[in-house]
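With the hints as constraints, model all of the structure from the sequences given.
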Amino acid sequence: MTEHKGVLIIGEIIEENLAAVTLELLGCGRTLADKLGERLSGLLMGSDTRPHASKAIAYGADKIYIMEDPLLEDYQSDLYLAAVEKMVRRVMPKIVLMGQTPMGRDLAPRLGFRMHAAVLMDCVELDIDTQTGRLLQVRPVYGGNARAVFTSETRPQMATVRSKAMSPLERNSSRKGDIIEIKPEIDPSAMRTKLLEKVKEEVAGIKIEDAAILVTGGRGIGGPEGFEQLEDLAGLLKGAVGATRPVVDSGWCPTSRQIGLTGKVVAPDLYIAVALSGSSQHMAGCSGAKHIVAINSDPQANIFREASFGIVGDWKKALPSFIEKVRELLKE
Amino acid sequence: MYLNLDLSESEKMLKRTALDFMRREAPNETIKALLETEIGCTDDLWHKIVEMGWAGIIIPEAYQGEGFPLTSAGVLLEALGSGPLPGPYFFSAILGSLIVMEAGIEEQKQEILPNLAEGKQILTLALTEPEYSWESDGVRTKAVEDNGDFVLDGVKLFTPEAKTATHFIVAARTRNNADPVDGISLFLVDSRSDGLSVNRIPGFLSGRSFEIKLNNVRVPGTALIGEKDNGWDGLQQAITKSIPLLCAYKVGGSQAVVEIALEYSRSRVQFGRPIGRFQRVQDMIIEMVNHADAARWTTYEALWKLDTERPAAESIYLTKMISSTAYWEVCTLAHQVISGVSYSEEHAVSFHTRASRYLFHLLGDPAYHRHKLGQLLVPQ
Amino acid sequence: MDFRLDYTEDQEQFAREVRAWLEENVPEGLEPIKDVKKMSMEQWEKRREFTRALGKKGWLYPRYPTEYGGGGLGIDAHFVLIEELAKYDFSLPPLYDMGILCAPAILACGTEEQKKHHLPPMFRGEVLTWQLFTEPEAGTDAANQQTNALRYVKEGDHFVVNGQKIFVGSYPSKPEQFYLLTRSDLDAPRHQNLTSFVIPADLPGITVQPLDLFILSAFPATTGPTGANIEGVKHTVFFDDVKVPESCMIGKEGEGWTVTTATLDVEHGGGFGGATGNWVLEGFFEQCRNNPAVLKRLRENPQLVECVIDIYTIAQIQRLWGLRNASGVGGFYAGPQLALFLKISGTRIAPQMAKVLGPQIFADEGPWNMENSLFEIGQRCAVALAPGGTPESYKINISRALAMGR
Amino acid sequence: MELIVCLKQILDPEAPPDSYTIDQEANRIFLPPEIAPVISTFDETALEAALRLKDTHGGRITALSMGNKFVSDVIKKALAVGADELILLEDVSFEGGDAWSTAYALAEAIKKIGRYDIIFCGRQAADWDSGLVGAGIAELLGLPSVTLAKKVDITDKTVTVERVAGDGFEIVKVPIPCLITVSNELGELRLVRLKGVRRAEKIQPTVWKPEDIGADPSRIGSRGRLTTLHKLFKPVKETQCEIIEGEDVAEAAVNLTLRLREAKLL
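Residue numbers (my numbering), protein chains in the order written: chain C, 36 to 367; chain A, 15 to 394; chain Y, 521 to 926; chain G, 75 to 340.
Keep in mind the hints are simulated off the structure, nothing from the lab.
Predicted, not measured: the structure shown is a model, and the values here were computed from it.
Backbone N, C-alpha and C define an ideal beta-carbon position, used for all residues, glycine too.
There's no promise every hint is true.
Said to hold, decoys possible - Among chain A residues calculated to face chain G with C-beta under 7 Å, some are:
(1) K29
(2) L33
(3) E80
As the list claims (entries may be wrong) - With a straight-line Cα cutoff of 20 Å, these simulated EDC-like cross-link-like pairs (lysine to aspartate or glutamate) come out:
(4) G:K225 with C:D267
(5) A:K26 with G:E275
(6) G:K186 with A:E25
(7) C:K352 with C:D267
(8) C:K235 with G:E259
(9) C:K366 with G:E262
(10) C:K235 with G:D241
(11) G:K247 with C:D222
(12) C:K360 with G:D322
(13) A:K26 with G:E108
(14) C:K351 with G:D322
(15) G:K276 with A:E125
(16) G:K269 with A:D193
(17) A:K386 with Y:E826
(18) C:K235 with C:E108
(19) Y:K576 with Y:E646
(20) C:K352 with G:E319
(21) G:K338 with C:E367
(22) A:K62 with G:D129
(23) A:K242 with A:E125
(24) C:K325 with G:E262
(25) A:K29 with Y:E646
(26) G:K247 with C:D164
(27) A:K29 with G:E275
(28) G:K305 with C:D164
(29) C:K233 with C:E51
(30) A:K386 with A:E125
(31) A:K62 with G:E262
(32) G:K305 with C:D267
(33) G:K305 with C:D222
(34) G:K338 with C:D304
(35) G:K185 with A:E25
(36) G:K224 with C:E236
(37) A:K62 with G:E122
(38) C:K229 with G:E336
See the structure below:
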């Protein structure tokens with residue numbers, strides 16, 4: 036059996052451009068490939084993928100395979116599974132990486148079982164074990180209360196990676212790499228599920244996954260009215276407003292704002308946590324933030340163990356003067 | 015060993031779902047809002063309680079109830095007490111059902127009990143009068159027969175949850191003679207009847223207790239529950255059986271307050287250390303724990319005796335005495351441990367303090383039951 | 521839920537076996553004695569003989585592993601043994617044998633070899649153990665082993681121990697071994713400078729002297745026969761350059777506190793004392809129901825009825841918590857909670873009982889004493905609060921178990 | 075309608091972080107005994123999805139769970155809320171497996187059950203948070219699948235699913251028989267009513283051993299693993315939180331703003 040070699044990234048094109056997590060995968064893939072002394076390649080599917088392929092090369096890929104077919108424009112389990120399986124059997128990579136995205140959550144498990152190859156989901160760290168050359172895959176478990184280090188017994192070693200857990204390379208347009216078009220030979224009859232419609236939930240302002248600054252409120256806010264102040268602060272800082280699960284369950288905020296194990300994962304530069312205790316389920320969604328600032332009346336709240344800065348006190352007294360001072364500073 | 019004081023599988027399932035219900039349907043914010051009303055329970059919340067099957071928990075299946083033993087009802091009441099969930103639940107689903115079951119005749123059971131199980135009727139007992147007494151000689155309200163009907167006149171005081179109840183069970187005197195027990199009848203009076211005036215007794219700690227004035231209130235003959243002139247025994251049977259369930263509610267309340275104090279002893283830092291490290295604070299919390307545990311186990315034994323048809327009077331007087339005192343003292347001590355913030359209306363301890371005072375005298379205060387216990391221990 | 525204490529079929533069967541065995545094996549002339557002060561040396565020797573017989577049968581420490589000579593029995597059998605032995609005023613383990621404290625420490629922290637060496641003789645009743653914890657300076661704060669504390673210095677393969685322990689043991693006769701807590705260097709941080717030993721009682725350099733305390737003998741709190749600790753004369757023990765072989769050390773050097781806490785939880789665990797009721801209190805209610813003089817007083821003075829109700833309330837709570845602990849549903853704090861409650865209630869019940877029954881209760885002999893000095897014994901418990909740990913030490917354990925401030 | 079719902083009994087994820095302890099040698103995580111286990115919250119949501127279909131279209135629900143040391147009143151909640159049957163795969167040889175051993179065992183059990191229109195799973199187990207077993211069963215049984223469902227309807231032979239995706243949702247059609255994994259957005263599992271408590275008392279679970287489902291011993295439990303767990307540890311938080319003080323809370327907030335500006339975060 037020929038030997039598995041190289042690292043293969045399954046890329047995603049969202050709203051006509053390369054998904055942020057795909058760039059992050061390329062960054063991480065590049066490091067792993069270099070440690071193995073092997074090549075980094077990527078796969079892009081859909082229509083009009085060529086411009087994205089060259090961008091992927093600028094972000095570190097040695098080679099990009101593209102599969103063009105209108106049927107691949109939107110993600111469909113069976114067709115994507117068939118296409119990716121064909122590519123993986125052809126390229127025989129040592130490592131396959133995907134984003135922990137709605138596509139990744141659906142495709143990676145099927146691929147793993149289809150190829151009887153282990154997949155580790157939602158990894159936050161990847162490294163090569165220098166003695167064995169095997170991929171060390173670190174992922175959070177028990178709602179973030181613990182972390183586990185795994186290796187796979189099978190080849191290829193597959194993983195989905197949590198967005199914002201890795202960092203992309205600097206864009207380098209002078210990088211060289213080849214783009215290879217592959218005929219997808221789609222068999223439409225394989226398609227057992229049919230996408231009828233895609234419904235967008237209008238979200239005012241910046242999406243919480245993309246915001247550099249987030250202002251998140253917890254149960255302590257006490258009601259929907261309290262969130263108006265958070266909106267003011269977020270507006271000032273050109274950020275977005277997030278919520279914990281109890282807040283969403285009580286109907287004070289839409290589900291699209293929910294951050295945590297069962298909500299979205301964010302890793303902003305600044306995360307302002309207001310009147311939330313910082314349960315491990317919530318931290319599973321925001322522990323990637325570069326800096327956390329906590330405002331809570333309970334000095335023992337878990338959030339203070341995660342924050343770099345904090346005030347102990349009632350948020351109703353703290354927020355108004357905080358907003359005023361921020362407005363003042365931004366004027367300068 | 016027969017001895018096994020663990021909950022059964024079903025009781026554990028019932029406890030867990032009741033606590034889930036409290037988290038979902040009656041968190042602190044909801045309880046705070048309910049305490050500000052005269053009704054203590056919204057229609058929506060009452061329908062959810064009925065949907066759970068709880069309104070008919072002890073009503074036999076023959077009357078569309080769920081037919082659970084009193085101990086299971088105790089597990090439920092304990093969970094509701096952890097809120098504490100205000101409103102008519104205990105007074106209608108427990109005391110009301112028991113009065114109909116103990117005093118009512120078969121037709122009345124077939125008519126009223128299904129209504130209670132389906133939540134269509136909500137009852138409350140109007141027994142005590144201005145000269146506050148739980149004894150038969152305290153019943154002065156009169157009921158005069160008038161060609162097939164009865165006309166009621168008198169004043170009932172400290173009737174709980176009268177605004178939410180659809181019907182009052184009124185104890186009235188249909189005959190005067192030497193033995194005060196003889197001549198008392200029970201009437202099911204529609205709360206919208208003419209001649210009734212219902213006013214809430216004002217006061218932060220009065221809870222939702224009411225004065226009911228009956229002025230020439232005419233009710234049909236069929237409103238008479240059970241036999242004329244000897245409704246007192248059935249009423250006492252019902253009260254005795256419902257007391258440990260009221261105590262279970264107080265046990266749930268006491269335990270909730272203990273847990274709030276314990277949590278506070280860990281998070282509140284003074285003099286550089288969590289206050290739970292100071293022995294004076296520890297002593298108070300130990301006393302709270304002892305109160306709650308004394309109330310819990312006297313209540314469970316009383317319920318067990320009732321469910322296994324063992325003589326239970328001694329246990330019932332004991333647990334009412336201990337539980338009413340426990341709930342009162344646990345709240346008082348909690349205010350000492352927490353002080354300041356616990357006095358705000360939003361703080362859960364204040365919900366329990368109000369409930370512990372509002373329910374203190376209900377079905378007999380500790381001194382009343384202490385006296386009855388004394389009569390058992392030292393035969394006169 | 522089931523509050524019944526009556527025997528199941530299996531327990532009934534085991535009880536028959538125990539009663540039959542007792543008929544043959546209780547030494548001739550052994551009398552049930554409720555008042556430990558009236559224990560003659562001859563009665564004491566008969567009880568020692570009876571202890572060895574029980575030990576051989578594995579019934580002295582019924583729930584400990586058979587591998588080391590324990591009975592390997594469950595709580596059901598243990599309960600039957602307690603009930604049947606109570607008819608001879610005999611408790612398990614007997615005669616303030618602190619094996620009940622030393623054994624769990626050895627099981628938890630001893631080496632396999634130490635377990636095989638120490639446990640079988642203890643479980644067979646051949647060896648009685650005294651616990652040497654309290655020192656003139658270290659009372660409730662058992663970790664605060666100060667100045668004339670028992671100190672040891674390591675010399676080669678053995679230790680040399682000096683210092684004094686007080687309030688030790690109970691019976692006039694000396695035990696075969698001591699279980700002691702000693703301190704290494706004086707200034708190491710608290711809890712890290714202690715080491716535990718189990719040593720033969722007759723090592724050269726050890727002297728034991730009785731302490732004459734006015735409570736010559738105290739009655740087990742209000743727990744009646746099910747209380748494990750019948751008190752007697754207390755002692756003080758002096759150590760002068762006593763050579764202790766390294767093999768006597770339980771656990772590693774400096775780990776004395778972990779070994780001790782394994783013990784304190786048992787001693788302060790309170791077990792399920794009081795679960796089976798309490799014959800001092802039953803005697804009291806008997807008097808209230810049937811003694812005409814007492815009845816007359818109760819009818820004339822309602823205040824005395826209040827005393828009866830107070831005693832009744834305390835007795836019920838004590839009984840119910842005992843059942844709760846026996847049924848294992850009480851949580852970690854339940855043991856020390858009950859132990860504390862038993863102690864404190866003694867002080868509350870004593871004056872109430874005195875008001876109702878009158879001064880005869882203090883007479884322990886002659887025509888005046890009531891129900892062969894039953895109540896005189898009851899009064900002693902109110903005074904002897906310290907044995908088995910002061911109330912304050914129990915509060916510390918309860919607070920720790922409930923994680924107050926943690 | 076023949077519905078199967080896969081459930082897993084796990085340590086309570088809502089337990090306070092400090093109550094978790096990890097045994098480094100055995101790579102196992104523990105909670106104190108008095109904290110009872112729970113059914114994984116996502117599996118409860120899958121059960122709710124099945125119950126809603128049964129409410130509207132009628133049919134039978136079989137709850138299926140693999141595990142050990144089942145706590146009866148925890149796992150029998152499935153019966154109490156309306157499942158018609160509860161099948162437990164309980165045997166020491168099932169222990170120590172990963173998603174591959176679990177998916178294989180559940181797939182073999184489903185084959186033995188025989189009749190199914192829709193198999194429901196949670197989007198992931200709330201303890202190991204992988205979300206592999208649902209897709210695994212679908213692959214092993216050759217079934218189409220839709221993941222992250224937040225609404226499920228059926229019209230004659232096809233199922234219409236609203237699936238969580240990016241900032242909105244997709245409407246997907248899939249024929250039966252199929253497998254659907256359900257996300258928390260679908261809503262909380264209904265509460266157990268008293269009638270349900272009675273029902274759970276009456277129905278006893280069926281327990282199957284590996285041989286009952288003809289499972290190949292080399293593919294279940296630890297022998298069936300494709301992944302190796304090397305290390306389990308609590309993430310250590312190095313951050314030292316700098317508490318900003320002030321005369322009162324308002325002033326502390328102002329000082330905080332200045333401190334953030336100084337740290338170039340504002």
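Hint check, failures only:
1, 2, 4, 6, 9, 15, 16, 24, 25, 26, 30, 32, 33, 35 and 38
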